[in-house]
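So you can see what is in the structure, the chains are spelled out below.
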Amino acid sequence: MELFELTIHQLQDLLKNKKASSREITESVFKRIQSVENKVHAYVTLTEETALQQAKKADEKISKNGGAIHELPLLGIPIGIKDNFLTEGIKTTCASKILNNYIPPYNGTAVQKLIDAGMILVGKLNMDEFAMGSSNETSYFGVSRNPWDLERIPGGSSGGSAAAVAAGEGFASTGTDTGGSIRLPACLTNLVGIKPTYGRVSRYGVIAFASSLDQVGPLAKDVTDAALMLQTLAGYDPKDSTSLNLSVPDYKKVLGQSIKGWKIGIPKEYFIDGMDPEVAKSMQAAISVLKRLGAECRDVSLPHTNYGVPTYYILATAEASSNLARYDGIRFGYRNSETKNLVNLYKKSRSEGFGAEVKRRIMLGTYVLSAGYYDAYYLKAQKVRTLIRRDFEEIFKTCDVILTPVSPTPAWKMGEKMTDPLKMYLSDIFTININLAGLPAMSLPCGMTPSGLPIGIQLISKHFEEEKMLQAAYAYEQATEWHTRRAKL
Amino acid sequence: MNYETIIGLEVHAQLLTQSKLFCSCSTEFGKVPNQNTCPVCLGLPGVLPVMNQRVAEFAVRAGLATQCTISPKSVFARKNYFYPDLPKGYQISQYELPICTHGQLLIENEGSKKIGITRIHIEEDAGKLLHEHPDHRSVESTWVDLNRAGVPLLEIVSEPDMRSPQEAVAYLKKLRMILVYLGVCDGNMEEGSLRCDANVSIRPQGETKFGTRTETKNLNSFRHIEKAILYETKRQSDVLAEGGRIIQETRLWDPDQEKTYSMRSKEEAHDYRYFPDPDLLPLLIENDWIEKIRRSLPELPDAKKERFIKDFQLPASEADILSSMKRLADFFEKAVSSYPQPRKISAWIINEYMRLIKADETKISSSLLKPEHVGITLKLVEEGKINGSMAKTVLAKVYETGESPQKIIEQEGLSQVSDEGALETLIDKVIAENPKEVERYKAGNDKLLAFFVGQVMKQTGGRAHPGKVNELVRKKLS
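Chains as they are written, first to last, in my numbering: chain B, 1 to 489; chain V, 1 to 478.
Mixed in with the good hints there might be a few duds.
Each computed BS3-like pair below joins lysine-lysine, with the alpha-carbon atoms no more than 30 Å apart [claimed, not checked]:
no. : chain 1 : residue 1 : chain 2 : residue 2
1   : B       : K97       : V       : K73
2   : V       : K73       : B       : K462
3   : V       : K344      : V       : K379
I should point out that these hints are in silico values taken from the structure, not numbers from a laboratory.
Start from the sequences, fold in the hints, and give me the full structure.
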């Protein structure tokens, strides 16, 4: 096996035993990038030079102090960052023309935590423009490909984050998840993706899409790596008023503990007509595995499930229309400077700077907040959101975790849903409600279609109880081998 | 037809916090453009606001001082509009749930009257635009200074309870006085720390329904507020007299032309698309904290005035002036504690000190003249060491130099001449030099006594004890 194919915890053993250096690991990743990136197109920006410098420093640290690996959980590990995380001095585009040349003056909290934990930054990852999309096709820089089938999309919006790790172009990555943007691409590329509880990870320094739904999380090759990444990212940040001042448990401790006697809720509303039979089959197989592990799987109901997608597209677009107002061509970013008239400057800069999907959502959001429509749309949607959250709270009175599919279908072909926004929006049907409820959830590999496309399951926990879904996920992972499969490129 | 004017005011008060509302940038005025900025107040991608708790405290102080109900839960909302001085494309303000509601304050204008306060809410200020007009007409380029962006403001909205420009001015003066007393705003209208918009409508006398109102912006002094409301009243009644109707619109006061101009009509008004800011949690205020703030409130002008009248037997007019500025009142009370003659101190402060500080309260704290100096000096008058007009000179010198009154009296040779021998010599000289006047006096022209006294005073350079001179002259000429 090549170094780039390993997991973080495997690399840590190598580093600890001096069987590999960070420099070798990093070089292996960049060599891999050289050979496959033109096919995968996962990165917007690569930072090879600084990565190699960082690797050299990491090696120096390890040789000086063997304990450094324990103190710095990501020391010497090459990681990719989604391009909506601000990185000081490194171009951060949000995959938009409007920020095409934007170089931020500061690091966001999540990025700073990863740097402090010793990560080697590989580069900035492609995504749907402003994280608006489920296929990565709205990126200004073109679509990333799914390493399992280059004709197919990797999912979105964290498509580059998924494609890179699945292709061995980095060992883990960061993503953001507003309606499924971590879990869907993780699912479609055979990775583990975690969307933590809203308020668990700081949003400071992450370009906002929909502030009340956005949450930062990791994509990794298995549960152990994902838990390690989450451990680094999680925690209260005084710079984010919506982050919660709660201590973060040691996630490693729950990995390997039994789930015997656990009650796992299976919501009937998540088994819909039109679901791919392969997905349904894999779900049933996953349920059998969990039963074998001693868990009790019981049917439950989340009655307001069907209102999730429309509710989401009102609230998310409303917030986005306001969050994206700052991209006005005045202080930074793209500006059409042909006009001397202020209103035209706004109109032209924004019309030319934003892509079609972003503009669609800004218009939708502007509409639902307009005088005379606010009560009927925004206010009503807020009420439905409360009902959706209560549905989950009710189930968690009797269940430890909830199990659902992540995506109704495996990865689809490029262009398949681009002409039909509604069809595209429905690909998030199983993930969106978790954001509306602010709950933690994760996606993990649970099967393959006969043609070799990954399928995933989703585990959902109570607010701020990420350790529960991690415990179940790890138990499941240990009983299966799906996570060990790698895309052949 | 006779019309009644209906006025409501919206006042923006810049708060005297050290740092901005949602970041730790300084609020200091007069810095190099964009010096007081950071990624948060520049509205760069990825930033988030964090509430400055001092601002909540200031808002509660203002609310309590104006009899408001303090909301246990208030919510920040985004007011969305595009303008280059607004970096995020929205202003963080409060909309449906403001921090204070249902207040009032008392104004004095031909009797006292309660003016209702609808609400007080917290919001952030915008930046400033500087336009370059090379040919004094078209704008060539515009510069953006975001030092002010994010500075905390209170917006204080009154009920439409005022009926004349004088009442509006009285309300604003009272509100300003209270805010300055509380230490939450410096009240400087020229620098824009206190800004005012006026909602004006008219209706026929006796009518109970309100007419259509206009909102006039850019009122930066008491004088302009009075003039703008008068202008707007006249304009509206002219429109009605010609059979027209008032359009609901925003108007701009032009202080040079002394006219208001239409800025935008209701149809052109912005749709601000307010919604709760998802980046901020609701502002929760506990009762204990409100009570703690209530206990820390200073004595307010009305209460102080009453106490001055009762405890110091001051005339209402003097108590009014002394209580109008907190620092002036403190100065007065300190002087009284060093020399318990409140009437004399009050008279000196009102007649002399106000002139020295040019009625500018901010000069009091930096003043070299301390309250004790006033006590010491007025006591010297009582003891006959100096006379009243010398006291004024001495204190003016203290104000200039900060030297003690005793030292100034000594340096300038200002001590009073009351030695009878010395005075008699001078009086004899004056009598000898003015035989005609002596004759007329002796013939019964009593008024000439003042002439002789004046001559003696002149000889001593005003240092003679006037009572003593009077007595001696009378004796010599009898």
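Verification of the hints:
For a cut-off of 30 Å, the pair hint linking B:K97 to V:K73 is broken: about 41 Å separates their Cα positions. Distance hint between V:K73 and B:K462 is fulfilled; the C-alpha atoms sit about 27 Å from each other, no more than 30 Å. Distance check on the hinted pair: V:K344 and V:K379 sit about 10 Å apart at the alpha-carbon level, within 30 Å; holds.
In this structure, only the earlier hint numbered 1 is contradicted, and the remaining ones agree with it.
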